[in-house]
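Asks: Protein chains in written order, with our numbering: chain A, 1 to 112; chain B, 1001 to 1454.
It should be emphasised that the hints constitute simulated quantities derived from the structure, not laboratory data.
Accuracy of the hints is not assured; some may be wrong.
As the list claims (entries may be wrong) - Pair ranges (Cβ atoms, derived):
hint, chain 1, residue 1, chain 2, residue 2, range
1, A, Asp-62, B, Asp-1399, 32 to 38 Å
2, B, Leu-1308, A, Ala-71, 44 to 50 Å
3, A, Phe-11, B, Leu-1063, 20 to 26 Å
4, A, Asp-62, B, Thr-1407, 57 to 63 Å
5, B, Ala-1346, A, Gln-85, 58 to 64 Å
Stated by the list, open to error - Cut-off 25 Å, straight-line C-alpha distance, at most; resulting in silico cross-link-like pairs (PhoX-like, lysine-lysine):
hint, chain 1, residue 1, chain 2, residue 2
6, A, Lys-40, A, Lys-90
7, A, Lys-40, B, Lys-1201
8, A, Lys-79, A, Lys-12
9, A, Lys-90, A, Lys-79
10, A, Lys-40, B, Lys-1072
11, B, Lys-1200, B, Lys-1072
Unchecked claim - To spell it out: a stretch of chain B is covered by chain A in this simulated footprint if at least three of its residues, at any positions, have a beta carbon under 8 Å from a beta carbon of chain A; those stretches are:
hint, segment
12, 1102-1113
13, 1266-1278
Each residue gets a CB set at the ideal place from its N, CA and C atoms; glycine is no exception.
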Amino acid sequence: MKLVTAVIKPFKLDDVKTALETFGVHGLTVSEVSGYGRQKGHTEVYRGAEYQVDFVPKVRLDVVVADDDAADVVDVIVKAASTGQIGDGKVWTTPVDELVRVRTGERGPDAL
Amino acid sequence: MPFDFSKIDTGATAWVLASAALVLLMTPGLAFFYGGMVRAKNVLGMLMQNYVAIGIVSVLWVLVAYSLAFSKSGFGGFAGNLHQLGLGHMNQQVAGYTGPLAQTIPPLVFVAFQLMFAVITPALITGATADRLKFGAYVVFIAIWVIVVYAPIAHWVFSPEGWLFQKGAEDFAGGTVVHANAGAAGLALALVIGRRVGWKKDPMRPHNLPFTLLGAGLLWFGWFGFNAGSALGANNLAGYAFVNTNTATAAAMLGWILVEKLRDGHPTTLGAASGAVAGLVAITPAAGFVSPMGALFLGLIAGAVCALAVSLKYRFGFDDALDVVGVHLVGGVAGALLIGFFGTKATGVGINGLFYGGGWHLMKLQAIAVGAAVGYSFVATLVIGKVLDLVMGLRITRDQELEGMDTVLHAETAYEFGTVQGGTFGGLSSGGHGAVSIGGASAPSATTGAGAQA
Chain A
1 MKLVTAVIKP FKLDDVKTAL ETFGVHGLTV SEVSGYGRQK GHTEVYRGAE
51 YQVDFVPKVR LDVVVADDDA ADVVDVIVKA ASTGQIGDGK VWTTPVDELV
101 RVRTGERGPD AL
Chain B
1001 MPFDFSKIDT GATAWVLASA ALVLLMTPGL AFFYGGMVRA KNVLGMLMQN
1051 YVAIGIVSVL WVLVAYSLAF SKSGFGGFAG NLHQLGLGHM NQQVAGYTGP
1101 LAQTIPPLVF VAFQLMFAVI TPALITGATA DRLKFGAYVV FIAIWVIVVY
1151 APIAHWVFSP EGWLFQKGAE DFAGGTVVHA NAGAAGLALA LVIGRRVGWK
1201 KDPMRPHNLP FTLLGAGLLW FGWFGFNAGS ALGANNLAGY AFVNTNTATA
1251 AAMLGWILVE KLRDGHPTTL GAASGAVAGL VAITPAAGFV SPMGALFLGL
1301 IAGAVCALAV SLKYRFGFDD ALDVVGVHLV GGVAGALLIG FFGTKATGVG
1351 INGLFYGGGW HLMKLQAIAV GAAVGYSFVA TLVIGKVLDL VMGLRITRDQ
1401 ELEGMDTVLH AETAYEFGTV QGGTFGGLSS GGHGAVSIGG ASAPSATTGA
1451 GAQA
């Protein structure tokens, strides 16, 4: 199993969710996060005083998938989240040792 | 002299009573105007300072401050005498209001109306010292300040017994008494208390601009009572003050965001709210002394000038956190001095300024009034602040400042958005020791002593 993690632009969340549902992913976790990459932050002005805001609001998605699906899921997310502009985010995968469904106690791929 | 209660004008009385309520609403409005501009960890501290000003000043006004402001001159003309301590002798006319000035509202109604001005003036100062002023020191400060600074200046300018009033200086609703005064005091106290930790380094963005705009709206609404109520009658002069107030405020808002568009590239909501308040401040002394066209120019100038003045603190290095100087001192002084140009007796009161053929005479009077109010307020506040700082300390500690005023000073948090908070109910507070158990157990030792450990 693999954990697919994506950090994307908040307004792309719906597109990504719909694309994942169409692909067959039936559950995911999202969280509101802040960060920056090459985009850096942005500047805000209050009564003439400039503030450099370093961390930009982003949405993080976490979804565990079977090893065979991981590459496809990454592609689905990248395609749906892309605007071609700087600040589109990143997607990465990590190996997952164990997975348990809390309600039933099922383990491994059965718990997906 | 006894007040002739048969001469009461019920229309005027109704309007001034309503105006007093409008002016009271300005202080909560100011609390939200300021509260939105501070960081989330300090918003309750800011709201609390403003609300408690209503409590302290209301009590002091009844006890002593009204008498010092509006009774017959005493103390060598420095303030009113103590004739009306505890609001005694309310069947007598307000000192000096005789002949053409004779009031047609009951003296107690005048007391109520003027109280609301005394409430908001020290509250204005809190913007300068935001995020770092000790609550206890603040309470003592405004109690002293209302008696030593506000009441005397109100006496000089507002009371017909006062020397600036008698000279002919014009301040319709408090440009010098309220705004230039609070602005000068804000500057003095900001200098005494020092800069916030991390000033000009850390981001200190407003945490809730919708609050600030809501507060500005409440101020604008309440200000009709402040200015049009100062006509002390439901009459043509009140109409002038009302229209002038709205016109100057509108023009100042546009002036401020125009400066922002040209200088920074974006007109901002904070700029719109700040410009509106700058216009309200500037028209305050002039509301009944200028024409609507005069108000329009006065507002436009004040909005643009204050938009530029708020950056002075960065140049001179004083941390006037929420720009009490840039908005209230500069706006109040600008409004008071612009009467020297735009003043016209067409409203039925006052004298002509430079643009209406009156020469420089009115400008000289205005400059004297501004100089006296600003000079006295600045020096007296500096002394009060220094002494209080030595005696009890004005400032919270560095760690407290970093943690935020809300939890440190008031044991509260403004916002509860997250679901992950943890913690348990700790029993009733009983001064920090002696557990009070909840749930029936009478002996503290029979429980886990939750209260004692909390």
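Asks: Hint by hint, say whether it matches the structure.
Replies: Checked hints:
Between Asp-62 (chain A) and Asp-1399 (chain B) the Cβ separation comes to about 36 Å, which falls inside the hinted range of 32 to 38 Å. Taking the beta carbon of each, Leu-1308 (chain B) and Ala-71 (chain A) are about 58 Å apart, not inside 44 to 50 Å as hinted. Taking 20 to 26 Å as the suggested C-beta distance range, the pair Phe-11 (chain A) and Leu-1063 (chain B) does not conform, at roughly 59 Å. Between Asp-62 (chain A) and Thr-1407 (chain B) the beta carbons are some 32 Å apart, a value that contradicts the proposed interval 57 to 63 Å.
Separated by about 59 Å at the C-beta atoms, Ala-1346 (chain B) and Gln-85 (chain A) satisfy the suggested range of 58 to 64 Å. Pair hint Lys-40 (chain A) plus Lys-90 (chain A) holds up; C-alpha atoms about 14 Å apart against a cutoff of 25 Å. Taking the CA atoms of Lys-40 (chain A) and Lys-1201 (chain B), the gap is near 18 Å; set against the 25 Å cutoff, the hint holds. At most 25 Å may separate the alpha-carbon atoms for a hinted pair to count; Lys-79 (chain A) and Lys-12 (chain A) meet this at roughly 11 Å.
Taking the CA atoms of Lys-90 (chain A) and Lys-79 (chain A), the gap is near 12 Å; set against the 25 Å cutoff, the hint holds. For the given pair, Lys-40 (chain A) sits about 66 Å from Lys-1072 (chain B) by alpha-carbon distance, which is inconsistent with the 25 Å threshold. Simply put, Lys-1200 (chain B) and Lys-1072 (chain B) have alpha-carbon atoms about 48 Å apart, too far for the 25 Å limit, and the pair is violated. Figure legend: the segment 1102-1113 of chain B, annotated as covered by chain A; annotation inconsistent (0 residues with Cβ-Cβ distances under 8 Å, at least 3 required).
With a threshold of 8 Å between beta carbons, the proposed coverage of the segment 1266-1278 of chain B by chain A holds, since 5 of its residues qualify and at least three are required.
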